[in-house]
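Chain A is fixed; fit chain B onto it per the hints.
The primary structure of each chain is shown beneath.
2 protein chains.
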Amino acid sequence: MGMNILVAHGGGPTAVINSSLQGVVEAARDSGKADKIYAARFGAEGILKGDLIDLTQVPASTIQKLAHTPASAIGSCRRKLTDADYPTVIETLKQYGINCFFYNGGNDSMDTCNKVSKLAQKEGLDLRVIGIPKTMDNDLDVTDHCPGFGSAARYAAESACELALDASALPIHVVVLELMGRNAGWVTAASALAARATNCEVLTYLPEVLIDEDRMLADIEKAWAKGRGVLVAVSEGLCGLDGKSLASTGLVDGFGHAIPGGVGQHVTDILIRRLNIKSRAEKPGLLGRASIPYLSRVDREEAYAVGRKAVEAALSGETDRMVAIEAHRGEKYSFDLFLTPLSQVANVEKKFPLEWIVNGNRIDDKFFDYAMPLMMDKMPDYAILR
Amino acid sequence: MGMNILVAHGGGPTAVINSSLQGVVEAARDSGKADKIYAARFGAEGILKGDLIDLTQVPASTIQKLAHTPASAIGSCRRKLTDADYPTVIETLKQYGINCFFYNGGNDSMDTCNKVSKLAQKEGLDLRVIGIPKTMDNDLDVTDHCPGFGSAARYAAESACELALDASALPIHVVVLELMGRNAGWVTAASALAARATNCEVLTYLPEVLIDEDRMLADIEKAWAKGRGVLVAVSEGLCGLDGKSLASTGLVDGFGHAIPGGVGQHVTDILIRRLNIKSRAEKPGLLGRASIPYLSRVDREEAYAVGRKAVEAALSGETDRMVAIEAHRGEKYSFDLFLTPLSQVANVEKKFPLEWIVNGNRIDDKFFDYAMPLMMDKMPDYAILR
Numbered sequence: 001m002g003m004n005i006l007v008a009h010g011g012g013p014t015a016v017i018n019s020s021l022q023g024v025v026e027a028a029r030d031s032g033k034a035d036k037i038y039a040a041r042f043g044a045e046g047i048l049k050g051d052l053i054d055l056t057q058v059p060a061s062t063i064q065k066l067a068h069t070p071a072s073a074i075g076s077c078r079r080k081l082t083d084a085d086y087p088t089v090i091e092t093l094k095q096y097g098i099n100c101f102f103y104n105g106g107n108d109s110m111d112t113c114n115k116v117s118k119l120a121q122k123e124g125l126d127l128r129v130i131g132i133p134k135t136m137d138n139d140l141d142v143t144d145h146c147p148g149f150g151s152a153a154r155y156a157a158e159s160a161c162e163l164a165l166d167a168s169a170l171p172i173h174v175v176v177l178e179l180m181g182r183n184a185g186w187v188t189a190a191s192a193l194a195a196r197a198t199n200c201e202v203l204t205y206l207p208e209v210l211i212d213e214d215r216m217l218a219d220i221e222k223a224w225a226k227g228r229g230v231l232v233a234v235s236e237g238l239c240g241l242d243g244k245s246l247a248s249t250g251l252v253d254g255f256g257h258a259i260p261g262g263v264g265q266h267v268t269d270i271l272i273r274r275l276n277i278k279s280r281a282e283k284p285g286l287l288g289r290a291s292i293p294y295l296s297r298v299d300r301e302e303a304y305a306v307g308r309k310a311v312e313a314a315l316s317g318e319t320d321r322m323v324a325i326e327a328h329r330g331e332k333y334s335f336d337l338f339l340t341p342l343s344q345v346a347n348v349e350k351k352f353p354l355e356w357i358v359n360g361n362r363i364d365d366k367f368f369d370y371a372m373p374l375m376m377d378k379m380p381d382y383a384i385l386r
Numbered sequence: 001m002g003m004n005i006l007v008a009h010g011g012g013p014t015a016v017i018n019s020s021l022q023g024v025v026e027a028a029r030d031s032g033k034a035d036k037i038y039a040a041r042f043g044a045e046g047i048l049k050g051d052l053i054d055l056t057q058v059p060a061s062t063i064q065k066l067a068h069t070p071a072s073a074i075g076s077c078r079r080k081l082t083d084a085d086y087p088t089v090i091e092t093l094k095q096y097g098i099n100c101f102f103y104n105g106g107n108d109s110m111d112t113c114n115k116v117s118k119l120a121q122k123e124g125l126d127l128r129v130i131g132i133p134k135t136m137d138n139d140l141d142v143t144d145h146c147p148g149f150g151s152a153a154r155y156a157a158e159s160a161c162e163l164a165l166d167a168s169a170l171p172i173h174v175v176v177l178e179l180m181g182r183n184a185g186w187v188t189a190a191s192a193l194a195a196r197a198t199n200c201e202v203l204t205y206l207p208e209v210l211i212d213e214d215r216m217l218a219d220i221e222k223a224w225a226k227g228r229g230v231l232v233a234v235s236e237g238l239c240g241l242d243g244k245s246l247a248s249t250g251l252v253d254g255f256g257h258a259i260p261g262g263v264g265q266h267v268t269d270i271l272i273r274r275l276n277i278k279s280r281a282e283k284p285g286l287l288g289r290a291s292i293p294y295l296s297r298v299d300r301e302e303a304y305a306v307g308r309k310a311v312e313a314a315l316s317g318e319t320d321r322m323v324a325i326e327a328h329r330g331e332k333y334s335f336d337l338f339l340t341p342l343s344q345v346a347n348v349e350k351k352f353p354l355e356w357i358v359n360g361n362r363i364d365d366k367f368f369d370y371a372m373p374l375m376m377d378k379m380p381d382y383a384i385l386r
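From first to last, the protein sequence lines are chains A and B.
Mapping the first sequence onto our numbering, position 21 (from 1) lands on 21, and the numbers just tick up by one.
Mapping the second sequence onto our numbering, position 349 (from 1) lands on 349, and the numbers just tick up by one.
For reference, chain A alone in the conformation it holds in the complex:
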């Protein structure tokens, strides 16, 4: 008699969350121990409705396509489970005879994982619960970094280089690039690669530092005066000295998080109005987590590996753990995986180290020592003939 496994996605997708799903399904098949492989349709929503997708018979060739399918192939949701919801979750697990539950998400999802596990134990269920880390924001604790971050960082870094080249080849405006990452500046920091790979002036603003608009404008004006083009990279979550979002929409998502918006456009507006400098704002938004052509090879390999590891851990009897990554930044990058208690990562947010932010708008090389192997195999190498 084999095991029935269930995998679910929580929160925003990444470019490689489907690679983790591929790892789960292929490890379960390879183990020979899985009777049924289920996925929750639209994450917690599917679990609450008892709406599971049976992946047991899906052809191997379809599963392989997950490697280049962005977003979530099984659907996700932003619903945060309340205490009233957990009994319904347990009902679904019982109904389908689930023995192993894998929840692929960020720190909210690890909290969910932990609560499901505790309740299942109380109810006497034979359930093993393993968290699979995922977040482009890179704000999960304990793990060196999160699957999803490397690809989002590459997107930010390489897009910033490309915009910087455009901005300096046709220096008729300051180009502002707004990047995702509400509270953590990990992804936006990667845009500072443009300061290293191009001859454009690049200023990078992370949400960890409150913004003094007068100083920001003065710094941009000084950079603009050099005549080599200016790229200003801003996190969507930038706040002013009063701690309020530079450009809030006033909206709140299902987890109760405020939805920021329009920070890039706001910076563009003040450049035009206050300095009379022509400017335009670009906001790739969700493309920063969905783009397959900018996917990082290492990120995909790690996302696949954490999915496999979760299944192997559960089948060998582990529970209440999240898979985490240990990175080896030698001449050639490599990684190991280990397990960490869910309670250590639930609801903890890892911020960008303040000491890596130089003068409020430059990023220290230490960040790139950390991030480069996660996002790309080598530095972009452009021909700039001017």
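Please keep in mind that the hints were generated in silico from the structure rather than gathered at the bench.
There may be inaccurate statements among the hints.
You can't tell identical chains apart in this list, so a pair holds if it fits in one copy or across any two.
Here are the simulated lysine to aspartate or glutamate pairs, DMTMM-like style, with alpha carbons at most 20 Å apart [what the hints assert, rightly or not]:
1. LYS65 with ASP377
2. LYS278 with GLU45
3. LYS226 with GLU45
4. LYS94 with ASP35
5. LYS118 with GLU91
6. LYS94 with ASP54
7. LYS378 with ASP365
Relative to chain A, chain B alone:
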């Protein structure tokens, strides 16, 4: 005694304009007939200042990097030459003893080319002038399509697919994607690939059709009600029934063109305010013409080939011509190049065929018969398990 050649870029760069430059330089070197190879620093600005870059001795390995360098490696500008400027242009051509002049740009630039040529003839200069086509907007006449379009179209198409997958995997908001193309909808049309390659509802609005906002909102509401996620792709140049931009910035560029802006955000705003549907707008903007990972292989090959062809034509005595592309859409795509009089393409704008727009927001398969071979080798093939 060899020839001195000058190449210049005009207007906005594309992902492959540097491939055309590579073609020019390599063809000039291969010919053995070029003494000096100059490039104008920042296009017409450099020509007017007599500020040329001497590329004659630049290593071949640097020239090869142009194939993956976005924007313009020699710089471009948006300055439209006036009658008062042309004598200065002729001075620079005389000063450097230029025999062949290549201007790489859109229909504005072909007009410039044509005027330079006419004046040079009047002044008795031995000058051959060949235009190299370039515009992501694809609005040049005579040529089947323009170098730069294929990559911009792939960017729009594949980004739209990726956003559509994200929008349908986590259907908490209508996702609006704003794409470049002021007057011509060629690039925005490519986003309709998402209606074919994903299971998301996709509505596509081109600038060729005036927008009835009430009808647009009703169509989006109907699509949203299906619960499978909605992607709305809009051209930056959309106008309302009154013929005015849906969201104008009131700014004008150096060619006197109005700068549109914020159409995507405008659609998002009316969805939230009038229908109470959560929505977010993404605007990759200049990334749509600068992205190297989304570059089209065919586009790069053609951009390189038109650069080479321009040099070969000039060296064989041709002048007053633009290189144009003849496409063969057989089982395997191929192309030929031919020369067309500059006067036939100067200031002519090729619009998107109205008969390819279905019900105001869908794109006919005929467009994809035309565009697919230009942008990608095969359809994206995603795993969608929901």
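These are the hints, each one checked on the structure:
1. Taking CA atoms no more than 20 Å apart as the test, LYS65 paired with ASP377 passes between copies only; the shortest distance there is 17 Å, against 23 Å inside one copy.
2. Taking the shortest alpha-carbon separations for LYS278 and GLU45, only the inter-copy value of 18 Å comes in at or below 20 Å, while the best intra-copy value is 46 Å.
3. When the C-alpha separation of LYS226 and GLU45 is checked against a cutoff of 20 Å, the pair qualifies only between copies, where the shortest distance is 17 Å, while the shortest distance within a copy is 53 Å.
4. Proximity of LYS94 and ASP35 under a CA criterion of 20 Å is satisfied intra-copy only: 15 Å inside one chain copy versus 81 Å between copies.
5. In the homo-oligomer, the alpha carbons of LYS118 and GLU91 lie at most 20 Å apart inside one protomer (15 Å), although the nearest pairing across protomers, at 83 Å, exceeds that limit.
6. When the C-alpha separation of LYS94 and ASP54 is checked against a cutoff of 20 Å, the pair qualifies only within one copy, where the shortest distance is 16 Å, while the shortest distance between copies is 75 Å.
7. Taking CA atoms no more than 20 Å apart as the test, LYS378 paired with ASP365 passes inside one copy only; the shortest distance there is 15 Å, against 40 Å between copies.
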